[in-house]
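So the sequences go chain by chain: F and U.
When the letters of the first sequence are read in order and numbered with numbering that gives the first Met the number 0, they come out as residues 0 to 593.
When the letters of the second sequence are read in order and numbered with numbering that gives the first Met the number 0, they come out as residues 0 to 593.
It should be emphasised that the hints constitute simulated quantities derived from the structure, not laboratory data.
Yeah, the Cβ is synthetic: ideal placement off N, Cα and C, and Gly gets one too.
Just to be clear, a hint being listed does not mean it is correct.
Partial chain F-side listing against chain U, Cβ under 10 Å, derived [unchecked claim]:
#1 GLY333
#2 ALA409
#3 MET430
#4 ALA559
#5 PRO572
#6 TRP592
Here are the simulated SDA-like cross-link-like pairs (lysine to any residue), alpha carbons at most 20 Å apart as the crow flies [to be verified]:
#7 F:LYS454 <-> U:PHE329
#8 F:LYS324 <-> U:GLU223
#9 F:LYS324 <-> U:ARG332
#10 U:LYS458 <-> U:ALA505
#11 F:LYS553 <-> U:PRO590
#12 U:LYS226 <-> F:GLU335
#13 U:LYS324 <-> F:LEU586
#14 U:LYS454 <-> U:MET290
#15 U:LYS553 <-> F:GLY591
#16 U:LYS553 <-> F:LYS324
#17 F:LYS226 <-> U:THR328
#18 F:LYS60 <-> F:PRO6
#19 F:LYS324 <-> U:PHE329
#20 U:LYS324 <-> F:THR328
#21 F:LYS324 <-> U:GLU335
#22 U:LYS324 <-> F:THR225
#23 F:LYS226 <-> U:ALA171
#24 U:LYS553 <-> F:LEU586
#25 U:LYS324 <-> F:GLU589
#26 F:LYS324 <-> U:GLU589
#27 U:LYS28 <-> U:GLU38
#28 U:LYS226 <-> F:THR328
#29 U:LYS226 <-> U:GLY273
#30 F:LYS226 <-> U:GLU38
#31 U:LYS193 <-> U:ALA266
#32 U:LYS324 <-> F:GLN331
#33 U:LYS553 <-> F:ARG587
#34 U:LYS324 <-> F:GLY224
#35 U:LYS324 <-> F:LEU175
#36 F:LYS226 <-> U:ARG332
#37 U:LYS324 <-> F:THR179
#38 F:LYS324 <-> U:LEU586
#39 F:LYS324 <-> U:THR179
#40 U:LYS226 <-> F:GLN331
Number of protein chains: 2
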Amino acid sequence: MAIESNPLIDDGLVDFLLYSVLDAESLCKLDAYAQHSKETFDLYIDSIRRFARQDLLPSYKPMDQEPPQFRDGRIHTHPALPKLYEQMVELGTLTATRPESVGGQQMPMLVHTMASAYLMAANLSAYGFIGLTVGAGHLIEAFGSDELKERFMTRLYSGEWTGTMALTEPQAGSSLGDITTSATPTDDGYYLIKGSKIFISGADHGITENIVNLTLARIDGAPEGTKGISLFAIPKRREENGSLVSNDVTVAGMIHKIGWRGLPSLALEFGDEGDCRGWLVGEPNQGLRFMFQMMNEARIMVGVNGFATASVAYHESRLYALDRKQGRTFGQRGGEPVSIIQHADVRRMLLRQKAIVEGSLALLATVSCYSDVAEHGGSTEERERAQLLLDLLTPVAKTFPAEWGFQANALAIQVLGGYGYTSEYLPESYMRDQKLNTLHEGTNGIQSMDLLGRKVMAKGGAPLRALAEEIGSTIARAREAGCDSDLCSALEEAIAIVGSATMELAQRGMAGDAEGMLGHSWDYLDMFATLVIGWQWLNMAAVSLSAPISEARKSATDAASKYWIRTEVARIPQLAALCRSNEDSYLRAEPGWF
Amino acid sequence: MAIESNPLIDDGLVDFLLYSVLDAESLCKLDAYAQHSKETFDLYIDSIRRFARQDLLPSYKPMDQEPPQFRDGRIHTHPALPKLYEQMVELGTLTATRPESVGGQQMPMLVHTMASAYLMAANLSAYGFIGLTVGAGHLIEAFGSDELKERFMTRLYSGEWTGTMALTEPQAGSSLGDITTSATPTDDGYYLIKGSKIFISGADHGITENIVNLTLARIDGAPEGTKGISLFAIPKRREENGSLVSNDVTVAGMIHKIGWRGLPSLALEFGDEGDCRGWLVGEPNQGLRFMFQMMNEARIMVGVNGFATASVAYHESRLYALDRKQGRTFGQRGGEPVSIIQHADVRRMLLRQKAIVEGSLALLATVSCYSDVAEHGGSTEERERAQLLLDLLTPVAKTFPAEWGFQANALAIQVLGGYGYTSEYLPESYMRDQKLNTLHEGTNGIQSMDLLGRKVMAKGGAPLRALAEEIGSTIARAREAGCDSDLCSALEEAIAIVGSATMELAQRGMAGDAEGMLGHSWDYLDMFATLVIGWQWLNMAAVSLSAPISEARKSATDAASKYWIRTEVARIPQLAALCRSNEDSYLRAEPGWF
Chain F
0 MAIESNPLID DGLVDFLLYS VLDAESLCKL DAYAQHSKET FDLYIDSIRR FARQDLLPSY
60 KPMDQEPPQF RDGRIHTHPA LPKLYEQMVE LGTLTATRPE SVGGQQMPML VHTMASAYLM
120 AANLSAYGFI GLTVGAGHLI EAFGSDELKE RFMTRLYSGE WTGTMALTEP QAGSSLGDIT
180 TSATPTDDGY YLIKGSKIFI SGADHGITEN IVNLTLARID GAPEGTKGIS LFAIPKRREE
240 NGSLVSNDVT VAGMIHKIGW RGLPSLALEF GDEGDCRGWL VGEPNQGLRF MFQMMNEARI
300 MVGVNGFATA SVAYHESRLY ALDRKQGRTF GQRGGEPVSI IQHADVRRML LRQKAIVEGS
360 LALLATVSCY SDVAEHGGST EERERAQLLL DLLTPVAKTF PAEWGFQANA LAIQVLGGYG
420 YTSEYLPESY MRDQKLNTLH EGTNGIQSMD LLGRKVMAKG GAPLRALAEE IGSTIARARE
480 AGCDSDLCSA LEEAIAIVGS ATMELAQRGM AGDAEGMLGH SWDYLDMFAT LVIGWQWLNM
540 AAVSLSAPIS EARKSATDAA SKYWIRTEVA RIPQLAALCR SNEDSYLRAE PGWF
Chain U
0 MAIESNPLID DGLVDFLLYS VLDAESLCKL DAYAQHSKET FDLYIDSIRR FARQDLLPSY
60 KPMDQEPPQF RDGRIHTHPA LPKLYEQMVE LGTLTATRPE SVGGQQMPML VHTMASAYLM
120 AANLSAYGFI GLTVGAGHLI EAFGSDELKE RFMTRLYSGE WTGTMALTEP QAGSSLGDIT
180 TSATPTDDGY YLIKGSKIFI SGADHGITEN IVNLTLARID GAPEGTKGIS LFAIPKRREE
240 NGSLVSNDVT VAGMIHKIGW RGLPSLALEF GDEGDCRGWL VGEPNQGLRF MFQMMNEARI
300 MVGVNGFATA SVAYHESRLY ALDRKQGRTF GQRGGEPVSI IQHADVRRML LRQKAIVEGS
360 LALLATVSCY SDVAEHGGST EERERAQLLL DLLTPVAKTF PAEWGFQANA LAIQVLGGYG
420 YTSEYLPESY MRDQKLNTLH EGTNGIQSMD LLGRKVMAKG GAPLRALAEE IGSTIARARE
480 AGCDSDLCSA LEEAIAIVGS ATMELAQRGM AGDAEGMLGH SWDYLDMFAT LVIGWQWLNM
540 AAVSLSAPIS EARKSATDAA SKYWIRTEVA RIPQLAALCR SNEDSYLRAE PGWF
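The shape of chain F in the complex, shown without the other chains:
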């Protein structure tokens, strides 16, 4: 039973973040966005959110319940998809952030993040086809020759064909240096590809006539490991004499995923018949570098999915809690049962969800804004500083909405009680959907090592110094605005604690003690993300006091910021102590101890 009035995302929150917290209009002063204004931003978001609510959300449950079928060597996706895909293309989602030169609208990432979040909240699988196609098109736009752009990018951006990212192989998993798919040069400008890929989302479907797989492979004789990997465009069908013929890309199997069930995840075989042609994108052996230049964007999009999945479930449980009558409040004797939102423990579960959900969106909006400034900022200094912050915060923007969002999704089920445990209600499906976000585009464990081992350590600690300055500005603004001083002090202490813990871990790393530095990278991520979300909440609380928003929104922002800082930021001293400690229980544990 879907609650039909589910708003997916709180529109007021989106407005507040765009126009009060982040001043999206100021982006229009940059040359790249000069043609835009609050009006074009709002028009884009409004058209998307209307479609998301009216057309996309109703297709979610049917697509979850009737997943794709693998018959006769082909994948048969849900019949609603072709029309929905066409509608999303018409709304401009494929090229919203691309420049006019390739047919785009050059919308700031900030605005597109907000808009696409509605689509993900409504039906993340359906939007997945768009997201993958954008990613594939963008790779060719950035690194491909004009010929490849003409052949592939234009068809991807027009919506005529869709795209995929084909990285993972069965034997290699996250260890991309171990991939073995081979590419043999020919004299005709293409390579003959042979190999197996797994977990390739959207690599077959019934939506468009062709699919372009952006694929990592090794050219014969390439160096071993990560330095010998090249990027290829490998279409499912290739053009010959004006028509499309098979390119020897075979679906070897469909993976039965537990969520995202509208989007098929496939095992692919390239070159079973020895006739699979791939076109090299950019220089040879640069495949991983190209992919990783897109990785910030891809990881932020995983974060947006995490946010969106937690948001729609939060609203589902909120509406249920307002409606469902059961029990009495503390000390109430007799009388009619009350709405369960009157129970303190239900409000605890809702406020925790809200703090996670809205804190996630604030962070994602912030990093999207850094992404816009990093690419199009007015000065080199501005661009470099934004890039520093973007790189530092990307692992947090990927993991926080996924990992804490999963907790929020479990709470949404809990609010519904026994009804939450049934497939008649939606929260259980959102929990299944969310789990993927802790796994794909680099598992959360890998993100924690990326954060501590690379991102905070980069450039002599410049990213963390830049973040400390940002947090410092927020604290100053909060003090001036009249926020409770204990919140400001708590955040001030937390950033100092995180800074000194990081310094100590960096010293271990420089002394060659990789395990001593990274052994508690998970706890470090927990601590760091908790601080970052505390910063976002203090910032929202400070801005809210003078923003043109309702009293209820001001009170709610105040409550959620206090909840997060007093309950969660308060954990930071203990987490820092753990990171600095020599607690080595699992580090020294031997396989035979398990």
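Given chain F, work out where chain U should sit, using these hints.
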């Protein structure tokens, strides 16, 4: 793909807990268990675990994938069930803990808990039919007349019929005082029942010819609220002229649960035709009291389910991590990929699972032992003290394995990476199964209020004093055995902090400030459970040093105890501060703020 060598539970752990940690043999000195010995305990457990591994586990996945069907007004359960049920009856599971006078073996609860955990780990739905039947039989044994025992209990204990617990109604949920099912007396010794129940597990199936629903209802004219609820035995079919005829109990619908999919959960209608007969169990208006006298046992059984579900998933992920090769360790250059258990972050996820799983079993074994002593202990003092500890620890024994076990289940998926996200592997189904344990037999939020509002406050604080003494003895034993002194000190400080926080909250309660006492009951439960599991781990570490176990088990026990105390018990000061603080963000939040 099930990993066929999955042991469900570590046999060595069971032996260690039974014979080294808890000295199960000493129970045989009590009159009630005089006929037992280590040999009879081991025989019972061995026969059960062999059946669980060989016969029950292979039926788990088919039952998850082919849930019951509701056709022609009847529920059609999985065809494997009748034979499995018969085998479990033959193994003595229905009456293992019951006295000889009713055909039982009077096995200590401690031993039965261990044995039944294997059945739950192998297939919790199949075992669910046994658990429900035992519960129904036990209610009649404890409170029913001889006539009812003859009519119903004997058939339940023989395995001829099965039982259910029919408490919940659609409009009332957890608020049992609001149930409205009515019972109208007749002159023929029975009552005419009319009403609707929901979420009634096992209330129809194809296993036995009859089902007895132990049902809460209101006798006409009974007092309002919880004081007017009576307990009835309402069979699906009643005996007339030597044969079974319909008793007007109708299946109104089947709930599509997301886990426990072998065990149907039903909506029932009593008396649609005005001819549903129920037999009063015990005195009128005592129904809730009777149910709650069984509640300790039922809640501990939920805890055992939580443990078992986390345990089987832990072993699944452990075996996968030993087998799966991927990536390189810190600083390793080149060479073959290693088993992923070589990665520190994978061992973190395994050790956390192990600490939760084995800490849960230690706690469940401990409370089962208290249950045995509370019922059959040699002196009034012993019995009363055991009852104090049993009552205090029951909400923890119910929630810890369910709530932390859910975290463990999510980690099991994470260890398998993308493969964990597929229904080809089992961890995802265990995560679905586990979620129910946070909801049924009193949601975990309700448990937290029971713990803080009732259990620790009972009898002037005597239960907490008794627990502090137990923990004090463990610390003394650990010091003597030579455990690291920082672990002992950490636990000593933790119990003092919990004690003083409890004192302050109790004072608020006595001053009439229910919200000030209970507002952070969830954080209190988190703190209290973390302490209790820390106690269990220190106890295991202390005992392990001189126990007849392998060096690997000693090392593993040492590692897990250090992990729990240094990582988790270390959170207690912050949680205590939160419970004592006036942090009121969700307490004062208004519905319109969400």
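Outcome of the hint check:
1. GLY333: Since chain U brings a Cβ to about 7 Å from GLY333 (chain F), closer than 10 Å, the hint holds.
2. ALA409: 7 Å, holds
3. MET430: 8 Å, holds
4. ALA559: 7 Å, holds
5. PRO572: Holds. Min distance 8 Å.
6. TRP592: 4 Å, holds
7. F:LYS454 <-> U:PHE329: OK: LYS454 (chain F) and PHE329 (chain U) at ~17 Å, within 20 Å.
8. F:LYS324 <-> U:GLU223: Measuring from Cα to Cα gives roughly 18 Å; hence the hint holds.
9. F:LYS324 <-> U:ARG332: 61 Å, violated
10. U:LYS458 <-> U:ALA505: Satisfied, since the Cα-Cα distance of roughly 12 Å is no more than 20 Å.
11. F:LYS553 <-> U:PRO590: 14 Å, holds
12. U:LYS226 <-> F:GLU335: 17 Å, holds
13. U:LYS324 <-> F:LEU586: Within the cut-off at roughly 19 Å; holds.
14. U:LYS454 <-> U:MET290: With Cα atoms ~18 Å apart, LYS454 (chain U) and MET290 (chain U) stay inside 20 Å; holds.
15. U:LYS553 <-> F:GLY591: Holds - the C-alpha atoms of GLY591 (chain F) and LYS553 (chain U) are around 11 Å apart, at most 20 Å.
16. U:LYS553 <-> F:LYS324: Violated, at about 52 Å.
17. F:LYS226 <-> U:THR328: 19 Å, holds
18. F:LYS60 <-> F:PRO6: Holds: LYS60 (chain F) and PRO6 (chain F) sit about 16 Å apart, inside 20 Å.
19. F:LYS324 <-> U:PHE329: 55 Å, violated
20. U:LYS324 <-> F:THR328: 54 Å, violated
21. F:LYS324 <-> U:GLU335: Measuring from Cα to Cα gives roughly 60 Å; hence the hint is violated.
22. U:LYS324 <-> F:THR225: Between LYS324 (chain U) and THR225 (chain F) the Cα gap is close to 18 Å, so the pair holds against 20 Å.
23. F:LYS226 <-> U:ALA171: At roughly 64 Å apart (the allowed maximum being 20 Å), ALA171 (chain U) and LYS226 (chain F) break the hint.
24. U:LYS553 <-> F:LEU586: Holds. LYS553 (chain U) to LEU586 (chain F) sits at ~17 Å (cutoff 20 Å).
25. U:LYS324 <-> F:GLU589: 16 Å, holds
26. F:LYS324 <-> U:GLU589: Between LYS324 (chain F) and GLU589 (chain U) the Cα gap is close to 16 Å, so the pair holds against 20 Å.
27. U:LYS28 <-> U:GLU38: 15 Å, holds
28. U:LYS226 <-> F:THR328: 19 Å, holds
29. U:LYS226 <-> U:GLY273: 26 Å, violated
30. F:LYS226 <-> U:GLU38: Distance ~63 Å between LYS226 (chain F) and GLU38 (chain U) Cα, so the pair is violated.
31. U:LYS193 <-> U:ALA266: The given pair, whose Cα atoms are some 14 Å apart, holds under the 20 Å limit.
32. U:LYS324 <-> F:GLN331: Not satisfied, since the Cα-Cα distance of roughly 59 Å exceeds 20 Å.
33. U:LYS553 <-> F:ARG587: Distance ~14 Å between LYS553 (chain U) and ARG587 (chain F) Cα, so the pair holds.
34. U:LYS324 <-> F:GLY224: 16 Å, holds
35. U:LYS324 <-> F:LEU175: 13 Å, holds
36. F:LYS226 <-> U:ARG332: 14 Å, holds
37. U:LYS324 <-> F:THR179: Answer holds: LYS324 (chain U) to THR179 (chain F) is near 15 Å, not above 20 Å.
38. F:LYS324 <-> U:LEU586: 19 Å, holds
39. F:LYS324 <-> U:THR179: Since the Cα atoms of LYS324 (chain F) and THR179 (chain U) sit roughly 15 Å apart, the hinted pair holds (cutoff 20 Å).
40. U:LYS226 <-> F:GLN331: 16 Å, holds
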